[in-house]
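Trainee: Protein chains in written order, with my numbering: chain X, 1 to 428; chain Z, 1001 to 1391; chain B, 2001 to 2617; chain E, 3001 to 3295.
Keep in mind that the hints are not guaranteed to be accurate.
Negatives, chain Z to chain E, calculated, CB over 12 Å [claimed, not checked]:
| id | residue |
| --- | --- |
| 1 | Phe1043 |
| 2 | Lys1049 |
| 3 | Gly1173 |
| 4 | Ala1178 |
| 5 | Ser1314 |
| 6 | Leu1361 |
Computed spacing ranges between beta-carbons, pair by pair [as the list claims (entries may be wrong)]:
| id | chain 1 | residue 1 | chain 2 | residue 2 | range |
| --- | --- | --- | --- | --- | --- |
| 7 | X | Gly86 | Z | Glu1369 | 18 to 26 Å |
| 8 | E | Ala3175 | Z | Ile1250 | 38 to 46 Å |
| 9 | X | Glu140 | Z | Leu1050 | 43 to 51 Å |
| 10 | B | Pro2580 | Z | Ile1250 | 47 to 55 Å |
| 11 | Z | Arg1379 | B | Ile2538 | 23 to 31 Å |
| 12 | B | Gln2534 | Z | Ile1329 | 37 to 45 Å |
| 13 | B | Arg2566 | Z | Leu1050 | 24 to 32 Å |
| 14 | E | Thr3185 | Z | Ile1376 | 33 to 41 Å |
| 15 | B | Leu2339 | Z | Leu1056 | 40 to 48 Å |
| 16 | E | Val3086 | X | Glu39 | 50 to 58 Å |
| 17 | E | Arg3079 | Z | Glu1369 | 45 to 53 Å |
| 18 | E | Arg3079 | B | Glu2565 | 56 to 64 Å |
| 19 | X | Gly86 | Z | Gly1122 | 45 to 53 Å |
| 20 | Z | His1347 | E | Val3086 | 28 to 36 Å |
Think of the hints as simulated: they come from the structure by calculation, not from any bench.
Note that the structure is a prediction, hence the values are computed from the model and not measured.
The beta-carbon is built from N, C-alpha and C at its ideal position, and this holds for glycine as well.
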Amino acid sequence: MKRTATRLGVALAVASLLMTGCGRDDDNGSGAAPGVTDEPCPEAVDKEKGCIYLGVLSDFTGVFKGVGVPFSEGQKAFWKKVNEDGGIGDYEVDVTKYAKDSAYDPDKHAQLFGEIQDDILAVAQSLGTAHTNAILGDAEKEDIVIAPASLASSWQLVDNVLEVGSNYCGDAMNSVDYAVDELGAKGVAVAHFPGDYGDDAAVGAKVAAEARGIDFTDVPSEPGAADKQASVVAGILKADPDVVLVATGPIEMASIVGGLAQKGFTGKIIGSIPTWNIALLGEKKLVPALQALYLQATSFQTWEADTPGYEAMRAAAGETPPSDWYALGYGSGYVMQAVIEKAIEDDDLTREGMLNAAKSLDGVESEGMLPEGAANYAGDPNDAVIRETAFNAVDPTTASGVKQEVAPFVGPTAKDHDFSESACYEQY
Amino acid sequence: MTTPTDEKTTSFSGHQLEETTRRPRRIWGRPGLVTAYAQDMAFFDTRAKLVAVCALVAIAALMPLQLEDDILKLLATGFVLAIGAIGLNLVTGYAGQVSLGHAFFVGVGAVTAAVLNGDPDGRRLGYGITFLPAWMLGAGLVAAVCGAIVAPLATRLRGLYLAIVTLGLVFIGQYIFAEWREGTGGRGVGRDAAVPTLGDVDLTVNGAYTEEQKLYWLMLVILVIFAVLARNLVRSKVGRAFAAVRDRDIAAGVMGVQLGRYKLLAFTISSFYAGVCGSLLYAADGHFSPDEFNLGMSVLFIAMILIGGAGTISGSIMGAMLLALLPRIASELPGFFPFISDRSTEHPNIFEVETALYGVLIIAFLLFEPRGLYGIWHRIRTYWKSFPFSY
Amino acid sequence: MTTLTTTATTTLVTRVRDRATATPNAVAMRHKRLGVWQEITWATYWDRIQTVGHALLALGIEPGDRVGVQSENRPEWLILDLATVAARGVTVGLYPTNPEAEVRYLLTHSGARIHLAEDQEQLDKALAAADDCPELERIVYLESRGIKGRYDDPRLLFWEDLVRIGAEHRAAHPDLLDTRVAAAEPDDIVTLVYTSGTTGPPKGAMLSVGNVEFAAETLMSGEGAVSPPASESDLVLSYLPLCHVAERFFTTWFSAFGGVQVNFAESIDTVPQNLHEVQPTLFFAVPRIWEKLLAAVRIKADSASWLKRRWARFWLARADRLGATLVATGGRHTASSRLVYAVGWLLFYRALKDRLGLREVRHATCGAAPIAPEVLTFFMGIGVPMHELYGMTENTAIATRNVDGRIKVGTVGEPYDGIELRIDEESGEILTRHGAVFAGYWRDPEATARTVDPDGWLHTGDVGEWVDGTHVRITDRLKDIIITAGGKNVAPSEIENALKASPYIKEAVVVGDGRKYLTGLIGIELDTVGEWAQQRHISYTTYRDLSERPEVLELVDGIVREVNERFSSVEQLKQFRMLPKELDHEDGELTATQKVKRSAISKTFGDLISSMYGGAA
Amino acid sequence: MTAFLEAVGEGLGTGSVYALLALGFVIIYKAMQVISFAQPAFMLAGIVLVSYLAESVNFWAAVPIAVAAVALLALAVERVAIRPMVGKAVFVIAIITLGVDVVVRVVAGAFIGVDPRSVGDPWGQEVVNVAGIDMAQRNVAALIAMVVVGGLLFAFFRFTPIGLAMRASALDQEAAMAQGVNVGTVFATSWALAGGLAAVAGVFAATGGPIDQNIWIVALAALPVIILGGLDSLGGAVLAGLLIGVVQAVVATYQRDWVPSLETNAGPIVPYLVMMLVLLVRPYGLFGTKEVERV
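Produce the complete structure using the sequences and hints provided.
Mentor: Okay, structure coming up:
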């Protein structure tokens, strides 16, 4: 026993010596800002250049992996092209090393952000609204700029979030206006995920329905296939609306469309942008229903769009399966690129510098990848909000499975709505 | 079946031959010469244990000066999980009541703490109580009350029936959490977790020490307190009653152990620990959502106690630490096995490997080392204890 | 030797009383109950002695009355023993293994008025004998299990009731016992120790107050038996039968005279465990125990995992060398051996001794029967200071002992200071004369006269010789000496002990009196041979089956051959047979102290023996 | 009334899926007194296999192949991870099956890939009108499949030697062994059967729309079903499965009328609530046999 005690004593002494003798490495590398190094990127084109690390918090295995995976691939393609074209200043950009899979779980999202936050300059992709909200507090503390893969109506209220495109709330308003004006709808139902994403669309629809004086029915949904959507379908049928707004994932949307079609529903079903996935075309029995009933509300163009940006993107994509999410990921790069360039221009490539650069950004040349007026963070938030929405219909002949059916327009509700007070979803 | 009174008359214990007033003395160098029951049941029954545990705690306390923040965070999470694992071990490992409902009580704790601590003017319900012990114990108490409410149903059932019913608790709990948006933030959204502050110091803000260092110390202190409490509990009359219920509940009942009472107690205490665990579990990430408290979390806790060692406090801690570090271990794997990708688009990738590894760990431990990490430790200890022989 | 006066004789009782006054809260003894070693202080010990003493007075015990005890070692044994002495009675110890017939003989012969039977088992024996014992009035029992409510013999008295009677008597007559104690005289008989005669019925040796006092003074003073003398800081484990004089010494008398802390083993089966827990500082064992310990080390080391086995073999080999060195130097380390031992202690011997329970032993003693030198050497090698000593009931165990630094292995050491010891030139018999020579055999003046000659010399019956003029070597018991047909005198015990030094051999009985050559009956050690067989995948059912396995026969044959090489050709075994059963006290093959009764053996296994001399098996 | 009957029809469809799953659980339980938590994983494996096979061969050929393959997989799992534990505490074995579930689910899930998959079933969302009630074809198919499979199982247990051995073993394992029943074969067969049943159930759970790897959650509903029916009752499993399916569907349909304030679909927790209510009255389920306790 004495021997054990002695041995432990020695071990303790050695351990404490080790711990006090050589302290832990408290600073982050070469003295530059977090996420900026003089060392080349892991997959550098030019080994002479330093590296800027951007974090990616996406969904590779969860409900929205159909969004997260192509989105991330698009981003990678964008930055690969930027790096090949000489990078930004003395740096190249890496979006691979700190790419994490949150599996569409806000808690895991927050946890992963904690893991990478000391190693990145900014977040190039934060997928999900509630998810981005979960890290917003910490990010604000550290002045970290975030590019969200989410179109919530709250982002224009936050300085460090670089939103692009119209939000779910505005899209929903436009959808209702469209239904009333073009389809003569008398009633609208919204099937949506619980949570900020679904609620945002629901509130938009509700606001528009009230403004236009038509019936509104709220039908909460939840992730899951046909068995989980049965009650949703039942709820919609009971309300008997002329148009149904859907803010879920693609599987849920497909089940709802299928269920409604089965029961003879003939109105329109307008889904938020994340409700479409090209794989639904594999569901042969379902395609006719989708073609007949479904519209996708979005402010972005589809894969085959005829702009220089899309052309370059298609070239960069090569063999990658076409996906509008890929295009969105690719396009979002323009904004981050502009912010980094401005920060370098200001000779302040730090988090603060990035934030200042972002705040002063009043638009970006995206070669037609982003909607008109995107990336305006300088002016009044309400003015900067993109209010126009286009509708895509299912078209199996196109590369991404959808094709623009209704050109971008701004409905009366969205036009007059003040987005600068609070996020739509907070009014749910 | 002998009656306990029969035993007394067999020798002269009824008379004053043994003095009870005197403190039991320890005879130097003779740990086996136990002269009092208290000594036999002592917290540290040997000096080596005392020294070893003190040394371990001391080393653990010094770690933040040496280790990087990301590891510290994992370790701190491990400490908190260990509190929950100890709780589950009390009801499952010690009292033998298999519970798959632990996640529910953890959830109750997390929600309660968040509600108590939350900003009164915030988006969600909050009472603005910043005093850490208040919301931590409050969370534990509310969870304990839930445990006490559930216990009567649980005491009617045994074995796998009980396991499935407690599993139902998780589903019902998730439903309630999802419905109560005011408190929980709702499914898929969640809310900010309780913020650990001591006095005016917000432990989640970097200062002279980083957030991770401060949280690590906080969790270490709390874990030590709760581990000591649990250890004291299981070496008491209550602990022995638990063991009796576990080993053969009918026999225990015949011997005068009030089954209902002790099962109730086991569930209540276990839930209290779970509640405390839940209140602290999200301090580092600052956010949680009700989707967390699902079957997977219950299984995680079960895995902790089985991998650590059922019916041991130290095993609970070891199991929790291993599972807390598992993601990190998995993320190191691609370095050793190049065929494992760290990109989620390729297969097999580390995310899959991590999850699979977890399943494999469970299977492997139960197949090869049913007593878990504690069993391994026990073997090592026995190797030296039995030195220079093998038995 | 202190002054002995008739007015205030120091007895065991007064010594306990004085100690209880001086250090009331020191630990007198420990006994294990429900897994915990319960401590009994001197104050409690003395208090209980007084109460039980009063009880004896209340039951009418007069000076010289006998009180029997048949129990395992436990505090009550000592309490009753000393209470009896306090009442000037005579304690008669019985072996717990004594079968009913012997209990009947002993109770009848001693004429015990009160008898303590530990539990139902002992009580059944006592009750069966009781009707033949007119003097037996009361049978006290300690464990009520199976007795209370089932036995209605009016002579029965539960220990608790005895204590109650004592307490009442004490309250009524507080000074009566003190008066009785003060009246003690040196010639008072303290105890009858029945010698486990290997021939004939047991004889009760009477030991007086004076005997015990003289013996204790001799042991405790000067170089004594243990130096420095046994003290309060010493611990002993009490596990050998207390009715044997050696254990009485090491337990009761060491405790009373030296203040040694007595720890009672739970039972004979748990001795290894208890030894490990208690880690006594003084340890007495009979050769059989030492042999068993040695066998355990060998077997366990061999069956350990690979690394541990290698390690153990290495250090045990060093231990052999260390032992040899110590044997050569008389027990003192040389510089190099001390260094080797120090390293070995750190890496192996300390742990080994800890496992054996001998880690704290400062003085280990072996006696009561001859032991093989290699056993002693082994234990000296691993750092257990072994001392062989010699003594017998009739001289209150006072004769010779080995002294640290002058140890001679193979001898029983030097006579104590202040006693007389000589070896009869003619017969070679060892004779002693001193104050501890017993007062005679109870109710057997004839035998007394045969044993103590008119000059006061005690004839020990052991044959010995001087070694280097200072140490005594015991050759054998006088009556065991075998005279072969060729007229050669052979001491069988040396051959037997050499055989028994093997871990596989438990019993060896050399036969050959009046025969042409020597032969042996050999009994295997079931544990070790069983293990040995298991490792070789030899299946067996019973002891007899195992004994008769050809592989086992081969094993034993090898050991016999090896031992034979060490002896001259007349002393070699020409044949051997396996004992078909384990020898047993109850079957009369062994004495209570596990000594072989040769007469009984030659009768029981006559066929086997004659088969070795060409007769029919 | 039509809506109610349509809900019942819907419920019979999902109920059939539950019943098929529950049969697997019960078969394993009867053989070794263990609940196999690996059933969800086998179900997922079946779905994945069918979704791949349906691309090359057609759906009708894909199903039997997948069922056989999953049965083999279950057999392998039993041999590797379960057989060595026979005789250990049932709870420990149950947890091992949880581990198996995790591993198999990860591997099977990896094959689902990024985009939703389809089993390529011929029914889709087509409906058939039965006596004025619209019933989804896939629900009718599930019900028919359940009846057919149930009948085959009945015949298997009734008329084949191994079926007889399994019944004997379930009744008294030691006595069966003494009569020469190879308990190892019984274990293996029960696992293979359960695996196959899970695969069949999976196919029907996956009909009607695209699925992702989270489809396995459906299988959890079978747990309250088996408790409700009684762990050792095959008939109980079928009845409880249908009952739970119907109650679930009815609640989903009428929840908004009954309790408008509830936003979340209560369907998934209905089985547990029903189970708990029943257990309060009958601690061994509706048809389970009371466990005889020996001290």
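Trainee: Hints first: check each against the structure and report whether it holds.
Mentor: Quick rundown of the hints versus the structure:
1. Phe1043: holds, 29 Å
2. Lys1049: For Lys1049/Z, whose nearest Cβ neighbour in chain E is about 28 Å away, the distance exceeds 12 Å, so it holds.
3. Gly1173: violated, 9 Å
4. Ala1178: violated, 5 Å
5. Ser1314: It holds; Ser1314/Z is separated from chain E by about 20 Å at its closest Cβ, greater than 12 Å.
6. Leu1361: Since the minimum Cβ distance to chain E is about 7 Å, Leu1361/Z lies within 12 Å and the statement is violated.
7. Gly86/X / Glu1369/Z: 18 to 26 Å: violated, 57 Å
8. Ala3175/E / Ile1250/Z: 38 to 46 Å: Violated: the Cβ-Cβ distance is about 24 Å, outside 38 to 46 Å.
9. Glu140/X / Leu1050/Z: 43 to 51 Å: holds, 47 Å
10. Pro2580/B / Ile1250/Z: 47 to 55 Å: This hint holds: roughly 48 Å between Cβ atoms.
11. Arg1379/Z / Ile2538/B: 23 to 31 Å: At roughly 30 Å between Cβ atoms, Ile2538/B and Arg1379/Z fall inside 23 to 31 Å, so the hint holds.
12. Gln2534/B / Ile1329/Z: 37 to 45 Å: holds, 42 Å
13. Arg2566/B / Leu1050/Z: 24 to 32 Å: violated, 52 Å
14. Thr3185/E / Ile1376/Z: 33 to 41 Å: holds, 35 Å
15. Leu2339/B / Leu1056/Z: 40 to 48 Å: violated, 36 Å
16. Val3086/E / Glu39/X: 50 to 58 Å: holds, 57 Å
17. Arg3079/E / Glu1369/Z: 45 to 53 Å: Between Arg3079/E and Glu1369/Z, where Cβ atoms are some 20 Å apart, the hint is violated.
18. Arg3079/E / Glu2565/B: 56 to 64 Å: holds, 59 Å
19. Gly86/X / Gly1122/Z: 45 to 53 Å: For Gly1122/Z against Gly86/X, whose Cβ atoms are near 47 Å apart, the range 45 to 53 Å holds.
20. His1347/Z / Val3086/E: 28 to 36 Å: holds, 34 Å
Hints 3, 4, 6, 7, 8, 13, 15 and 17, counting from the list given before, are not met by this structure.
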